[in-house]
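Engineer: What follows is the residue order along each chain.
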Amino acid sequence: MNISRRHILVLLPAAAVAWKHVLAGTPEDSPNYKMSDHWWGMLIDIPKCIGCGNCVRACQTENDVPDGNFRTWVERYHVSDYHLENPEVISPDGGKEGFPAVKVGDEGKYFFVPKMCNHCSDSPCTQVCPVGATFVAPDGVVLIDPKYCLGCAYCVQACPYGCRYIHPTKKVADKCTLCYHRITKGLTTACCEACPTGARQLADLKNPKDPIHEFLKTHAVQVLKPQMATGAKAFYNGLDGSVR
Amino acid sequence: MNGLKDVGHLFRFLGLFVIAFLVFWVIRGFVVPKSFGEYGHYRGAAITEIANHPIKFAGHQACEQCHTDEAATKAKGAHKHVNCEACHGAIYQRLPAAEAPPESLYQRMLAFAGLRLPADPPLVRHADDPMSVTPVKPDSAVLCARCHTASAAKPKEFPQVDPAEHSGGVPCATCHNPHSPVIGSDTSATATTGGAK
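If you read the sequences in order, they're chains A and B.
Using our numbering, you'd call the opening residue of the first sequence number 1 and step up by one each time.
Using our numbering, you'd call the opening residue of the second sequence number 1001 and step up by one each time.
Don't read these hints as lab results, they were simulated from the structure.
Among the hints, a few may not be true.
Distance condition first, Cα-Cα at most 27 Å in a straight line; then the derived DSS-like pairs of lysine-lysine [what the hints assert, rightly or not]: (1) B:Lys1080 to A:Lys103; (2) A:Lys217 to A:Lys206; (3) A:Lys34 to B:Lys1156; (4) A:Lys96 to B:Lys1034; (5) B:Lys1034 to A:Lys170; (6) B:Lys1005 to A:Lys217; (7) B:Lys1080 to B:Lys1005; (8) B:Lys1076 to B:Lys1137; (9) A:Lys48 to B:Lys1034; (10) A:Lys209 to A:Lys34; (11) B:Lys1156 to A:Lys109; (12) A:Lys34 to A:Lys185; (13) A:Lys170 to A:Lys147; (14) B:Lys1080 to B:Lys1137; (15) B:Lys1080 to A:Lys185; (16) B:Lys1034 to A:Lys171; (17) B:Lys1156 to A:Lys96; (18) A:Lys48 to B:Lys1080; (19) A:Lys185 to B:Lys1156.
Use the sequences and the hints to build the structure in full.
Structural biologist: Take a look at the structure:
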């Protein structure tokens, strides 16, 4: 390639901008955020969920989640009187546009269960990553470094909750970041912001003033698949025994 | 001492190892990002990059700065816990490519040199340009039904209706004020429970 004076004139400022990005060390918009002061989780109050799909749509908007993939989704369980162990679970398009009407006369119980990354403190997904592209950040949020991810999808298989997918255009693993770009600036997550009933609440387990502590003391709260000892931090209130 | 007569080749071999290790160490210094290992076996700078993702839902506090009337009405009504963007959508919107502002000279120079990656259309915020960037006014017949359509899966205490039977297709906002939906509660400060029954 012949580098002319014109190319040099164009390339030099570009290189200067690139170098600025290389040198960028700390987030400029959240100077007061200290990772060691937080340990993030999420409280999901099943009896409050109305299955409107606001959280799914908000998450897609906020995080540019491609259609057909979900960082959070809502499932509707139908536990019939005769199949207590095998509930019927549906989640059409992640519950984004609501759910079909329940047939009149259908016996059994129905309820909604919002699902998302559980931000496990002993997460299986980070343990299997061969290149150090996914990790538990010092504030307890499980993140993916898209520049390091190879797209091998080991983590997609390892997640017992099915919370990861391979991004169709970026070809790297993708999942809920607990709206890391929001919570580090004092905002709540997009799904919590959009939930009309307060069925989702961001929780900071290291903050003694966070209402999560009182809630955990006074309610019967469970995590998904506790037998897998993942240290899940998505706490479910009113979780039915049939939920997988 | 005959055993050490030919020991020279071992030292040459050792020398090769030392050179190879130094080459490895120098290359590693260039290839491994500086922040790798800062917090653990990953690139510490990735945390900053993820934290710099643009925000689109500004939060109800941003809306309430200007829309004080609606905020006051809502604070007294049954929808006081529903945040503005839950119904009105995100305050930040992506401009359609056709309406994006003209590129700066510098951006065009980058494009000329083939250095620019295809970028997402720019984000604009209703709060920054309230006249030209306006959230779409939701259709109450669709919006309200999304939450309030009766279903056996919803909590019993949640106000639910069969929209067709309840209004016969008339938009909900004809009778209800969405910011304080209990009929007659617009001016009352006591309506805290229930909605459209």
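Engineer: So, for every hint listed, does it hold in this structure?
Structural biologist: Now the hints, each set against the structure:
Our distance criterion of 27 Å between C-alpha atoms is broken by Lys1080 (chain B) and Lys103 (chain A), whose separation comes to about 32 Å. Restraint check: the Cα-Cα separation between Lys217 (chain A) and Lys206 (chain A) comes to about 15 Å, which is no more than 27 Å; the hinted pair holds. At most 27 Å may separate the alpha-carbon atoms for a hinted pair to count; Lys34 (chain A) and Lys1156 (chain B) exceed this at roughly 42 Å. With a C-alpha separation of about 41 Å, the suggested pair Lys96 (chain A) and Lys1034 (chain B) falls outside the 27 Å cut-off, and the hint is violated.
Between Lys1034 (chain B) and Lys170 (chain A) the CA atoms are separated by roughly 24 Å; this keeps the pair inside 27 Å, and the hint holds. A C-alpha spacing of about 78 Å is found between Lys1005 (chain B) and Lys217 (chain A), which places the hinted pair above 27 Å, so the restraint is violated. Proposed proximity of Lys1080 (chain B) and Lys1005 (chain B) is contradicted: the alpha carbons are some 92 Å apart, above 27 Å. Note on Lys1076 (chain B) and Lys1137 (chain B): the hinted pairing holds, with a Cα-Cα distance of about 22 Å set against a maximum of 27 Å.
Distance restraint check for Lys48 (chain A) and Lys1034 (chain B): the Cα-Cα separation of roughly 46 Å exceeds the 27 Å cut-off, and the hinted pair is therefore not satisfied. Distance restraint check for Lys209 (chain A) and Lys34 (chain A): the Cα-Cα separation of roughly 17 Å lies within the 27 Å cut-off, and the hinted pair is therefore satisfied. With a C-alpha separation of about 12 Å, the suggested pairing of Lys1156 (chain B) with Lys109 (chain A) holds against the 27 Å cut-off. In summary, the hint linking Lys34 (chain A) to Lys185 (chain A) is supported, as the alpha carbons are separated by about 11 Å, within the 27 Å threshold.
Of the pairs offered as hints, the one joining Lys170 (chain A) and Lys147 (chain A) holds, with about 10 Å between alpha carbons and a cut-off of 27 Å not exceeded. For the suggested pair Lys1080 (chain B) and Lys1137 (chain B), the alpha carbons sit about 19 Å apart, so the restraint of at most 27 Å is met. At most 27 Å may separate the alpha-carbon atoms for a hinted pair to count; Lys1080 (chain B) and Lys185 (chain A) meet this at roughly 24 Å. For the given pair, Lys1034 (chain B) sits about 25 Å from Lys171 (chain A) by alpha-carbon distance, which is consistent with the 27 Å threshold.
Distance check on the hinted pair: Lys1156 (chain B) and Lys96 (chain A) sit about 22 Å apart at the alpha-carbon level, within 27 Å; holds. For the given pair, Lys48 (chain A) sits about 16 Å from Lys1080 (chain B) by alpha-carbon distance, which is consistent with the 27 Å threshold. For the suggested pair Lys185 (chain A) and Lys1156 (chain B), the alpha carbons sit about 37 Å apart, so the restraint of at most 27 Å is broken.
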